[in-house]
Amino acid sequence: MDRFISAVDTWMRGVALGVQEYFALGQRAARFTTTRPFYWRDVLVQMDRIGVGSIPIILLTGLFTGMVLALQSSVELGKFGAEIYIGSLVGASMVRELGPVLTALMVTGRAGSGIAAELGSMRVTEQIDALESMGTDPVRKLVTPRFIAGIVMVPTLTILADVVGIIGGLVVAVFKIGIPADIYLRGVWGTLAESGFILVFFPRDFVSGLAKPLVFGAIITLTGAYYGLHVRGGTEGVGRATTQAVVTASVLILATDYFLTQLLLVVVPPVL
Amino acid sequence: MSPVRDHRRDHRREPSRAAGAGAGAPSAGRAVVIELEDVWLSFDEPVLCGVNLRVYEGETRVVLGESGSGKSTLLKLILRLLTPDRGSIRVFGRDIVDLSFDEALEMRRHMGMVFQYAALFDSLTVFDNVAYPLRENTGLDEAEIARIVRERLEFVDLDPDEVMSKLPGELSGGMRKRVGIARAIAADPEIVLYDEPTAGLDPLAVDAIIRLTRKLQAELGVTSIVVTHDIRAGFRVASHVSLLHKGRIRFEGTPEEMATSDDPYIRAFLG
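Taken in sequence, the protein lines are chains A and B.
All the letters of the first sequence, read from the start, carry residue numbers 27 to 298 under my numbering.
All the letters of the second sequence, read from the start, carry residue numbers 54 to 324 under my numbering.
Think of the hints as simulated: they come from the structure by calculation, not from any bench.
Be a bit skeptical, because a hint or two may be false.
Simulated pairs of lysine-lysine, DSBU-like, Cα-Cα distance not exceeding 30 Å [unchecked claim]:
| id | chain 1 | residue 1 | chain 2 | residue 2 |
| --- | --- | --- | --- | --- |
| 1 | A | K202 | A | K105 |
| 2 | B | K129 | B | K268 |
| 3 | B | K129 | A | K167 |
| 4 | B | K219 | A | K167 |
| 5 | B | K299 | B | K129 |
From the structure, some residues in chain A lie toward chain B, with a derived Cβ separation under 8 Å [unchecked claim]:
| id | residue |
| --- | --- |
| 6 | T151 |
| 7 | Q153 |
| 8 | A156 |
| 9 | S159 |
| 10 | M160 |
| 11 | G161 |
| 12 | T162 |
Ideal Cβ placement from N, Cα and C applies to all residues, glycine included.
Working from the sequences, and respecting the hints, build out all of it.
Below, the structure written as structure tokens:
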């Protein structure tokens with residue numbers, strides 16, 4: 027029994043230390059966005075890798091998600107002769123939840139794993155020690171550019187996924203279900219306008235839908251960097267870190283999504 | 054050697070002079086550059102158990118020891134990549150154990166490190182690898198940086214025009230190691246640390262690296278610490294040898310003194 031308690035104690039200490047180090051890494055990465063030296067070239071490179079490189083996969087994900095949403099909702103709404111509300115359903119689902127969450131999960135699979143693998147390889151080949159030995163802070167040089175790229179590019183990709191998803195729904199609605207395009211688009215706009223506007227012009231749903239990917243971008247890059255920088259055990263360790271980074275970031279995104287939704291409902295309440 | 058040192062902020066303190074050293078001793082009238090005093094460090098098991106080491110200005114100190122004896126750990130402590138559990142480490146007379154992270158980064162700019170497998174940045178060309186410490190730590194313009202990079206590559210017997218645009222993956226092990234040395238000395242450091250510089254190299258490449266290490270001391274006068282388990286290579290570059298055994302310095306002296314030692318462990322170690 028004592029051994030069991032001791033093992034649990036050791037495990038919990040390890041988890042607590044890991045959480046502490048994770049937040050310390052996030053705090054340092056964020057702090058370095060406002061202090062010199064800046065590695066702007068690295069930021070642009072990472073924006074290209076994390077953002078531009080993810081565009082094809084995000085377009086495909088958004089398109090097919092919007093299409094399948096329209097198709098599925100047409101079955102249920104058809105029972106009540108309410109197919110004209112397909113636009114409302116697709117618009118609300120994409121902008122509020124599926125756009126941000128699916129984009130974040132896809133970027134996690136593609137870029138989050140890449141960050142963990144790249145930094146992990148640099149760790150096991152002593153490249154990170156080399157950076158430190160030349161007076162460079164690895165967090166400033168390697169993590170902060172990825173962090174900035176993540177919080178800029180994930181919201182941008184989310185906008186793309188939202189737009190393409192709505193277009194995908196439109197294609198199915200018009201060509202498969204036979205709903206006029208203007209009815210579908212009026213449904214989309216109606217449901218976004220329904221929950222009110224922020225600063226007169228921006229639909230509340232749209233703004234809250236962009237607040238989430240901002241946080242998701244930070245989670246993806248920090249989780250990948252955390253596991254990459256803490257790799258132990260050679261190439262096998264790199265593989266393990268990559269898997270852990272993807273699993274942890276995915277779970278964190280889904281859990282954070284719930285709490286962020288709750289928070290946003292309080293901070294920017296919908297107009298009833 | 055170059056204008057690099059003039060462009061680098063210098064926070065060194067005046068190194069202490071060796072007191073009472075005899076004329077023939079390695080310390081004779083020379084400043085102590087690196088000093089470890091009663092250094093202890095444990096991970097899961099004790100690694101260093103009260104290490105004392107003094108390295109003098111312009112000296113090439115070779116630290117010998119079996120694999121896993123803590124030689125590389127010693128270098129990481131001097132670079133302040135690790136901190137000891139107990140004891141003091143002074144570089145240029147300044148205790149580095151309690152330095153803040155930023156102060157440690159600043160201190161490292163006066164050192165160059167040659168890693169066991171070179172640790173070149175694999176996404177950067179040879180030119181960018183060697184230029185990296187110059188771009189990071191000096192205010193030199195690109196033309197001056199290009200001139201210094203060429204000079205350093207020529208110093209390590211590489212043809213700049215041939216290798217500058219190559220990626221590290223396109224080089225042989227010996228060439229990678231030479232580029233690692235060129236990068237380590239690019240910013241004109243006062244101290245160069247070598248971690249197993251001859252590991253994994255063929256005999257000709259080992260010869261070339263030894264020649265370079267000696268050339269570095271003779272022409273640039275840098276203070277060096279070489280950790281290795283390669284006794285022959287170590288003896289060829291050393292002005293002074295320290296043998297690490299069971300976490301302590303078991304022997305300190307010239308290569309000749311070590312070769313004629315009666316200590317049974319040393320006899321067995323030398324084979």
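So, going through the hints one by one against the coordinates:
In summary, the hint linking K202 of chain A to K105 of chain A is supported, as the alpha carbons are separated by about 17 Å, within the 30 Å threshold. This hinted pair checks out: K129 of chain B and K268 of chain B have alpha carbons roughly 24 Å apart, not beyond 30 Å. Taking the CA atoms of K129 of chain B and K167 of chain A, the gap is near 20 Å; set against the 30 Å cutoff, the hint holds. Taking the CA atoms of K219 of chain B and K167 of chain A, the gap is about 23 Å. The hint holds against a cut of 30 Å.
Distance restraint check for K299 of chain B and K129 of chain B: the Cα-Cα separation of roughly 18 Å lies within the 30 Å cut-off, and the hinted pair is therefore satisfied. Contact between T151 of chain A and chain B, as hinted, is supported at the beta carbon level, the nearest pair being about 6 Å apart and thus within 8 Å. With a cut of 8 Å, the hint placing Q153 of chain A at the interface with chain B holds, because the nearest CB-to-CB distance is about 5 Å. Hint status for A156 of chain A relative to chain B: holds, with the closest Cβ pair at about 4 Å, below 8 Å.
For S159 of chain A, the suggested interface contact is upheld, since its CB lies about 4 Å from the closest CB of chain B, less than 8 Å. For M160 of chain A, the interface hint holds, since its Cβ comes within 8 Å of a Cβ in chain B; the closest pair sits about 5 Å apart. The interface hint given for G161 of chain A is met, as the beta carbon of that residue sits about 4 Å from the closest beta carbon of chain B, less than 8 Å. Using the Cβ-Cβ criterion of 8 Å, the hint placing T162 of chain A at the interface with chain B is satisfied: the shortest such distance is roughly 6 Å.
Checked against the numbered hints given earlier, the structure satisfies every one of them.
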